[in-house]
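Under UniProt numbering, residues 1 to 924 are what the sequence shown spells out, in order.
Hints listed in this document are in silico derivations from the structure and should not be mistaken for laboratory results.
One thing to keep in mind: the hints can contain errors.
[As the list claims (entries may be wrong)] Below, a list of computed lysine-lysine pairs in the BS3-like style, where the Cα atoms sit at most 25 angstroms apart:
| hint | residue 1 | residue 2 |
| --- | --- | --- |
| 1 | K341 | K373 |
| 2 | K246 | K304 |
| 3 | K165 | K438 |
| 4 | K373 | K342 |
| 5 | K341 | K438 |
| 6 | K438 | K342 |
[Stated by the list, open to error] Simulated restraints, written as ranges between beta carbons of each label pair:
| hint | residue 1 | residue 2 | range |
| --- | --- | --- | --- |
| 7 | R683 | G164 | 31 to 41 angstroms |
| 8 | V496 | K438 | 51 to 61 angstroms |
| 9 | R384 | D437 | 50 to 60 angstroms |
| 10 | A507 | E349 | 34 to 44 angstroms |
| 11 | A272 | Q538 | 44 to 54 angstroms |
Note that beta-carbon positions come from the ideal geometry of N, C-alpha and C, so glycine has one too.
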Amino acid sequence: MASTQPNGLNVIALVSGGKDSFFSLLHCRANGHRIVALANLHPVLPRQQGSYDGTSQCPIATTHHPNTPAGQAASAASSPVLESTHDGRPHQALGKDGRHPAVLPGRQGGGAGNERLPEADEDERDLNSFMYQTVGHQVIPLYAEATGIPLYRREITGGAVQHGKDYSHYRSSTASAARASPGLAGGPVRDPDETESMVPLLQAIKKAHPEANAICAGAILSTYQRTRVESVAIRLGLTPVAYLWKFPVLPTVGPSSSVVGTDAQLLDDMAAAGVEARIIKVASGGLDDSFLWTNVASPAGKAKLARAMRRFGAAAETGAVIGEGGEFETLVLDGPSTLFKKRIVVAQENRHVVREGGGNAWLSLRNARLEAKATNEDSGDIIRIPELLDPSFASLRNALVRDDGTLPPPSPPPHGSLASGVETEAFPQLGTLQRPDKEMLQQWSFSSGNSASKSIEAETQRIVEQIRQRLRQQSLPASAILSATVVLRRMADFPVINGVYGTLFDAPNPPSRVTISCGCAAEAGIAVYLTVHIGPLQPSQRHGLHVQSRSYWAPANIGPYSQAISVPVSSFKAPMGRDSDGVSSSSSSSSPSGPRLVSIAGQIPLVPATMAFPYGGDSNSNSNREGDALPLELALSLQHLWRIGLEMGVQWWTSAVAYLPVSSSSPSSFLSSDEKRDMRAPRSQVAEIARMIGKAWDIAHTPTGKDDEEEDDDDEEGPDLWDRRYNPQYMTYTSTGSEEGKTGPVLPDRCVLAPSSRSRRPPAFVAEVDELPRGADVEWHAHLGIAQAEEGSVALRETIAVQGPEGIRVAQTIVVGPRGLREGKVTGVGFVQTAVAEGFGGCGYGEHGKIAKTALAQLGEVSPAGEPVAVVRYVDVEVLRERGKRGAAHECREPVVPCKSLWNGEGERLAALSIYHSVFEREG
């Protein structure tokens, strides 16, 4: 199978027997990776000397054997590990009790030996696990001989101690410590989470296969499974791979099914690959035991599932037709001949239906055997890799380039740009603005200064300790940090800084982060700017997305930063009382419902499946690059932002900035790395790129032709939404297309805007800096996303009339309750982002705080004391020089990003841009 990347990984494939784990394995091979071992965790089985279960189950090790292979010795002493060789003969390992297993001869003619008689009612129980598929586990040992890949197995120990979708091994380690020393830890003794069963299994495999450097799993929509595999993989130095992650939202081939939408594409792809996956368990009201042994990877099987889903209204549920909600589980019996040398066969008389009640039924399998495949047998082996760009972003990329490869002329300024004029619309009063010293959403700035006496590692350690100290002073956990902007003088320092910075966080979902290098314009070697929630934020209110696995979906975040963090606007409500130190003295009554604010990490144009740039190698490599590289990179990184935003439910962006390194400022040529660093592109070329970026942003916000302003789900002459989904009489109304019948976020969703704002779009800006991570040519950064907003609850103010220097333009995004904008009265908490942009030639950015305060005063009561603190301030380095500064001063309380140049999306050069986030409160 052809490799799609030059340096493949050596992968350990976690297999449960189900379709997803094996199809993920096939995608690993299609991407040029090598599968070095199969790994499986099985339920604890009854031990009985000399027994076998009548299937091809390999033995549970029960007695010591002095000739245990060295690759298993380390872990076998504590728990059983089993390796099957290429011909299916299992090596015998040691069990917990140190006794040698009893081995009985197997059948001749294709059967795998070492079978055990069934314990009483063993096959009448489905040994379920929250984490691992266990039904059909007796057949797993046959995969070694069927595929020719070594198989390692280990018992599952413990249970689901952590039930949340995110996983922390620190909490599991604490539980283990409590078990080891109950007298010291106190409290009840708990077994470790079952997730930790993977650790000794993978350690044994790594010892036997030291070349192994990655692990793949079949997670599609399950954050629960993915985060647990990632936790173990990262700790063991393995690259996590989950090529099926979010597969249903990726580009498909041809039109989607009129019944089950894009989800069923996965089943079509499995059929094309030659996979045979039979249903061995059903747990859904729409599926009864007549579905058992249905091959889901076949047209007939897919159609049968689709009819059932449509009948019971489940087709509209994302993932239902592929079993992601637990509707069914499968067992793979065969696959392409490049993987499966033999197929697994279970005769009908050896498949026994077990009915558990409540709609659950499963198959107990006996006497499974292997059957040789004909050498000329055609079994598919077509692995479809999704297109890099969604159709909409492919069109966006094409719109940025003419047929001759040149850039198109600039478009006229779209609605929503910071153009001249005065906002005349009246807005309801939002209440009282939180004072800067009492804000629940604060900005913290830390800088290493300009001293060269200490190493960058020592300076970073000092900053990290300052952050810890300030968190302790306010009795805040590290999870109070929502987002971070890291400004470096030298991008080469990033690996060292990243390692030290990561020690701040030991819980899942660290803050989102943007990292840039500003070169000699930066005052300090490192500056860290944090957005911190200082209120009583409950863990259930803080949502995070931290995907560390390679996939086709979006780049993996291997490191101490999440793709996104979101919190409810209501959580910014000030507590009832505060003590003399400003620490909350009572808990907030905020609710996780209502609109949410989403902080998203900066996105660079990495190909998710390879974590490389589209043209191969690093961005500095000129091989295979073309003159239209930047449009592709703009579209790809913007698509990453969109996919993450949709996953977090984002409906609207407040604003965005696209960072460009100096080396990317010439669209007509790509020079060597040394030439790039010495090059200063003419301002006209940078303006041209800025207009191209503005056009990309504008296209991404262009309506698709659907009437997204007014949608009424209730037809006065037809059934209501409930009937369409749940009443069989009206099932023809359910899921009539890939989008209809499925509820989910739309981005942009103009329904959340006030009627007067629906023709506008959020502003976009361009900041030219020294360098970006990994030498990228662009990095998109959305300042905030708005999620879970109700209809008409977001308003946009533009060109606000304020007094100040000439060339100042102000725009605001307001998030409140929907009735407030319609009825003219706002209650509760309101959020406002204020953007203050100053045209080039001015140097009045020191007045931006006062200007923002004036604009905020038009929305509510503002204290005369103090000015708002900027979340981030971008300043043209020439303006900084005029003011006698090189960048952000060491004592500066506001974050400053010194830019080689700064632009708006219309190609107009700016002197400075300041972004402010403010919270209003009003009692009902």
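To see whether the hints hold, each was checked on the structure:
The hinted pair formed by K341 and K373 meets the criterion: a straight-line CA distance of about 7 angstroms does not exceed 25 angstroms. Of the supplied pair hints, the one linking K246 and K304 holds, its CA atoms being roughly 24 angstroms apart against a limit of 25 angstroms. A distance of roughly 33 angstroms separates the Cα atoms of K165 and K438; the hinted pair therefore is violated under the 25 angstroms criterion. Between K373 and K342, the direct Cα distance comes to roughly 5 angstroms. Compliance with the 25 angstroms bound is thereby established for this hinted pair.
Of the supplied pair hints, the one linking K341 and K438 is violated, its CA atoms being roughly 68 angstroms apart against a limit of 25 angstroms. Distance restraint check for K438 and K342: the Cα-Cα separation of roughly 69 angstroms exceeds the 25 angstroms cut-off, and the hinted pair is therefore not satisfied. Checking the proposed 31 to 41 angstroms range against R683 and G164 shows it is violated: the Cβ atoms sit about 51 angstroms from each other. Checked against the given bound of 51 to 61 angstroms, the beta carbons of V496 and K438, roughly 37 angstroms apart, lie outside it.
A C-beta distance of roughly 57 angstroms is found between R384 and D437, which places it inside the suggested range of 50 to 60 angstroms. Remark: the range hint 34 to 44 angstroms for A507 to E349 is contradicted by a beta-carbon distance near 52 angstroms. A beta carbon spacing of about 47 angstroms between A272 and Q538 agrees with the range 44 to 54 angstroms that was offered as a hint.
Checked against the numbered hints above, the structure violates hints 3, 5, 6, 7, 8 and 10; every other hint is satisfied.
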